[in-house]
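Got chain H; can you put chain U on it based on the hints?
There are 2 protein chains.
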Amino acid sequence: HLGQLDDLREQVDQINLQLLDLLSRRGELVAEIGRLKSSEGGTKFYDPKREEDQLRLVRQANRGPFTDAAISAMFKEIFKASLDLEETREQRKLLV
Amino acid sequence: HLGQLDDLREQVDQINLQLLDLLSRRGELVAEIGRLKSSEGGTKFYDPKREEDQLRLVRQANRGPFTDAAISAMFKEIFKASLDLEETREQRKLLV
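Sequences listed follow chains H and U, in order. Here the UniProt record's numbering is used: the first residue of the first sequence is 16, the next is one more, and so on. Here the UniProt record's numbering is used: the first residue of the second sequence is 16, the next is one more, and so on.
Chain H extracted, bound-state conformation (with noise of 0.2 Å):
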């Protein structure tokens, strides 16, 4: 058994970085987008209702194991840390 649950993890950890290259590649879009409503003068970058069109999107192509919630919870965390990188670029813009 104990080569069957290393065998396991070793998976795990390999979904890990594939979440970690997919989580950098979405950070670099949602950076882009910021820069885009930046330039156009826009300092907003919480935008509930398109948050919730990508919750409603992901919700309706779940097919488990997690429940709609814990999916929901997930993703809500990357919205978070997505949105902090942009307040964090946004404040550096205003110290300069």
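Do not take every clue at face value.
Remember, identical chains collapse to one label, so a pair may be satisfied in a single copy or spanning two.
Straight line, CA to CA, 16 Å or less: simulated EDC-like cross-link-like pairs of lysine to aspartate or glutamate [as the list claims (entries may be wrong)]:
id : residue 1 : residue 2
1  : Lys59     : Glu47
2  : Lys95     : Glu43
3  : Lys64     : Asp21
4  : Lys64     : Asp36
5  : Lys64     : Asp28
6  : Lys108    : Asp83
7  : Lys91     : Asp28
8  : Lys91     : Glu66
9  : Lys95     : Asp83
Source of the hints: derived by calculation from the structure; they are not laboratory data.
Same frame as chain H, now just chain U:
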């Protein structure tokens, strides 16, 4: 600019679906690990050392744009959802 914004958002939505797919596969693997532990008589699913090991690997691979702290926060939410999944299954088993 609106077309550009829509295009970037479409790319984010596509990444969201890929994230959902990876998260769901990860959930299945963690459920399998839980079954393996259960069959060995264990009922303790929370394993802080294993979580710390996962975070270390992910932080080592992190090349931005997220800070290590932001990456850790997102992964901790993923760990939490996975643990809830395990505990719900275990609870269901105990109630049968």
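> Of the hints given before, which are not true for this structure?
Replying inline: 4 and 6
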